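With chain Z's structure known, arrange chains R, B and X on it following the hints.
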Amino acid sequence: MQLKTFPGGLHPPDNKQWSAHKPIEDCPLPEELVVPLGQHIGAPAVPCVAVGDLVKRGQVIGEAKGFVSVPVHAPTSGEVIAVEDRPHPMGRDLPAVVIRADGEDAWGDLLAPLDIAIAGIDELRQRILSCGIVGMGGATFPAHVKLSPPDEKPIDTLILNGVECEPFLTADHRLMLEESDRILSGIAVLQKILGVRQTFIGIEANKPDAIERLSRACADLPVEVIPLEVKYPQGAEKQLILACVGREVPSGGLPMDVGVVVQNVGTCAAIADAVLRGIPLIERIATISGPALVEAKNLRVRIGTPLRKLVEVCGGTRVEPAKIIMGGPMMGMTQLSLEVPAIRGTSGLLLFTADQVSTRPEGPCIRCGRCVRACPAHILPTTIAAYARLDLFEEAEAYNALDCIECGCCTYSCPAALPLVQSIRYAKNAILAKRRKV
Amino acid sequence: MIAAVISLGGIGLAAAVALGVAAKKFAVEVDPREAAILEVLSGANCGACGLPGCSAYAKAVVEEGVPANLCSPGGQATIEAIAAIMGVAAEAMVPQVAVVRCQGDNRKAKNKFHYLGLQDCNAAQRIADGPKTCPGGCLGLGSCERVCPFGAIEMTADGIAVISRDKCTGCKKCVAACPRNVIAMTPRPATVHVLCNSHDKGAVVRKYCEVGCIGCQICKKTAPGAYLIEDFLARVVYEQEQDAAPGIEKCPTKCIRDFALGYPEGSSFKAAESRPEPEHAA
Amino acid sequence: MANQLYLSSSPHFSSGESTDRLMRQVIYALLPAAAVSVYMFGLPALVTLLICTLASIGFEAVCQKLMGRPRTLGDGSAALTGILLALNLPASSPWWMSLIGAFVAIVIAKQIYGGLGCNPFNPALVARVVLLISFPVQMTRWTAPAPLSLSFDSVTSATPLGQAKEAVMLHGALPADLAAGFGDFFLGRMGGSLGEVSALALLLGGLYLIWKKVITWHTPVSYLATVVVFSGIFWLVDGTRYPDPLFHLLTGGLLLGAFFMATDMVTTPVTPRGMLVFGVGCGLLTVLIRLFGGYPEGVSFAILLMNAATPLIDRYTQPKKFGFVLEKA
Amino acid sequence: MVELILILISAIFVNNFVLARFLGICPFLGVSKKVETALGMGMAVTFVMTVAAVVTWLIQYFILIPFNIEYLQTIAFILVIASLVQLVEMVIQKVSPVLYQSLGIFLPLITTNCAVLGLAVLNIQKGYSFLESVVFAIGAALGFTLAMVLFAGLRERIDLCPVPKSFRGTAIALVTAGLLSLAFMGFAGLVKG
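Residue numbers (the working numbering), protein chains in the order written: chain Z, 1 to 438; chain R, 1001 to 1282; chain B, 2001 to 2329; chain X, 3001 to 3193.
Next up, chain Z with everything else stripped away, as it sits in the complex (with noise of 0.2 Å):
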């Protein structure tokens, strides 16, 4: 059978090898943790918790600020030692709560758990908003966000993101594997929540033993797991429902306009908890892997867990790492050291050592039209990026720059080593500038 997919894209070298049959491992508390206030897309937290004082595990340390921001809470219990900037994996210093852990792990007071067949819609929705949930898959976006679609646009079907494209990552399958039941309860919540019954849960068709798993467990339920063909980038969100329902999402719209909503299934597992068990979002599943590293895993890390220490828990390094990437080969980002901590967003961390760092120069374009062939937005990055470089940005406009999900296939896919999208996101950024600016 022709599996599900969408046009353009291309094949990475997955390198799952390293983690996939690695069962979840729980990372040990560090001394201390370094929980950022900015771990979402949208206003950071404002902490309400000074240097000093004693918290518990799962308490509030930084509020919501806004519409589009959720509340940061205490990883583990112990003492703040410091509310101030600390680097973050955005690459700056940014405010931080630095706790020192005591050891003792003692959880607060969590919130009371609700019974989904009971609770209303707006219960369900404040609490996913006050456990901090977003999105799980790297792109943090505050998940009760998503999840309060305006009444003007019906949505009729859920999907569960269990691709997990990226080359290298496996912390979605170890959780389908190992986590099903938590799926299906948040799978649950979701359905509560929007009101739908059709569902989709999209995993690629190179994790045969989670579609399995899935497959068994969603035998008797609204859901239907698709196995898609393998191919980056399948779980891209418009890629995604592209695939599996065939709708595609207007440029510049999202996928509400089509009457969908996608989550990834670390983000369902986590609504599970907060509605189900009154647990905030303290923690995640990340993969460790790399050639750097002597063994790569799949942990569980605490928010705020330093980088090394995850390092360490893997057995520290084989050779001295050239690039430290947090996220997936293709968008995660660089790290400048190992002292950054682990946010909500960590789905990964790579250590590349320096035969993966290609330090080859650019040559000039050739206009093989490989990027155009890859590109699964349609337009033509190679053209964008010749105007980006010149400051042409209404050119770079009329040809659908802002159009790019950034996935990196062209630049993947460059003969001559440009940094197309690079470009393309350097011509962006000038676009939206000059239209905030107007």
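For the record, the hints were derived by calculation from the structure and aren't laboratory data.
Some hints here could point you the wrong way.
[Claimed, not checked] Partial selection, computed: residues in chain B whose CB lies under 10 Å from chain R:
| # | residue |
| --- | --- |
| 1 | 2005 |
| 2 | 2006 |
| 3 | 2007 |
| 4 | 2008 |
| 5 | 2009 |
| 6 | 2064 |
All of these numbers come straight from a predicted model, not from anything done at the bench.
Just so you know, even glycine gets a beta-carbon here, dropped at the ideal spot from N, CA and C.
This is chains R, B and X only, laid out in the frame that chain Z set:
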């Protein structure tokens, strides 16, 4: 002969009538002053006036009464010409020149990481705030050089921007292009500048840059009144600039430079060309 | 810190594909055709190949030196241009003609536009056309195949396309024995420029490129299909005046053009739809020029004309962007 | 009918005004920096050429020949063309100020555009009938527009390239025009005449 005259005349007459009718029908009003102003403007379309191009500025002057003294590339002559066209008094404009407030090239200042990718300052700045450790240092990837409409900026081999005082017209394009605010507009007569943009404490600056201002106050002490120290960074008080010379000599990190005596190391620009104009030219 | 880390914008992974590798693959794909030409025409063919290739590399080096640009001979593009140029020349071309050709191709058609990736016209074809117009006698003195000949004084012979055109012009009909030579055409036993002669070798090279994913099928297939269909129509209308499609396919530079020149990435469209348009345009123009034009062969002109149209084709064949919806009126 | 089609094809491709007859080079080089502008110029020239062909043909056969003053041909034709250009200029300024700005000086210069005058004169020289003149004019104008647009597309692309300093601008444009003309030589002999 007569036939020739009549027929040609007839053709001409017919054409004239047709054009006359058309002129009425398709009349477009243009203020002649607009064209006149456009004529005297530099035509660089640099945007120094804050409007998108010379013709937009000409239109704005005529129709919206925008001041006549905004064309910095044209200088005083242009201002007077526009004022004459508009029948208003010419207001003086202090001519300005852009200065790169950094000398920390790749040999003198440290980087915190190797940057790979698009060779553009604004793109590099988005990756962990740029590779240069100094938060205010020139990244040396030439974004300002590319936007300069007058070819007044060059990048040295060791990666720092230098602006020619002869070619710079003060259009401010480079100021807008620089992500780290390294370039400042200064009054043209002043040639002495502190070439550093770091507000870090002296001890911190010393760690990452050989030629950064460490806020040691020596310049202020040796040339009283000519320098100010704000936030661990010295700057020249341009009104008292004539007294600044002793401070240059004494500066321990050599971050103060008199452009009348020479451009930073590695630049191809010659100081001899840049004799300062008479004091207070305006 | 001992070693500084590398930081960059995503992605941090690359396919490992490189310009050098692509160019090398194309050169490999041309080797069978070059070998056949050397076999068929002997030493003169080898000399022409060598002069063109070496001169192209030399001119490229000199240009880059003069313009103060980095030397990029390693990317193989100059050598490729040289080989393509040689394959477009008759075996009997004098050395100075090869030299002029290489100069035109590298200096005028490529380097003054800024080097690799910037030339709007296929350099080898520009050179061929310049030579054809400047030295029509030398450029149309085709030698008859004489396997492994070491002699420079060979027997001249017309190309099949030339024969056909002449016959139609003089007698209003094709020569009767035209179809007799298909086997020879396929293997390369006919007069023509170096790279025109063996359909088999060219086909092998072309398929190799498609197999290696250096080029896509779009341009060659649409080009050849258009030639077959368009020439087929004329052949059906009047078979005595217009040769059949197979004749068109196997003779002249069509296969060389379709697989190696019309797929030159720099001078042809980047969009898949654009490549189809490009191929169709080339096909129509080739047949038109072959049947009705002043020149017996139309491949070079057809490709150059479509090269000129490439920016426009790219502009109007942009893929439909993801989520494209018509504005509701 | 066949005759008319041949005239059309010949004027567009084989004897392209710009690339084979080398007429109208001034706007060809002047306003070919952008495809849109080139198209606008092409359209303006198309209009002027077609109307000029009609009017000059009428003047030739109904005024100049009857009155035996063919020696006034040039001045009479220029007069007509100049008025037409003036008219087009006014219309464009009113309808599309942007196009008017980008065409700039080249708009009034259509007056002295040898392509337009050349067309009028060729029409008479070749002894074309009225209908043939119109078709020839349309063909010539389409050919002009085609050359303009192709050339503008190429120039837009060249603008993105690091052309050596000494060749930038008109120099590289002239080289490109030469190569384009070279390519158009492939049409030679396609239509006799």
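Against the structure, the hints come out as follows:
| no. | hint | result |
| --- | --- | --- |
| 1 | 2005 | holds (5 Å) |
| 2 | 2006 | holds (5 Å) |
| 3 | 2007 | holds (4 Å) |
| 4 | 2008 | holds (4 Å) |
| 5 | 2009 | holds (5 Å) |
| 6 | 2064 | violated (20 Å) |
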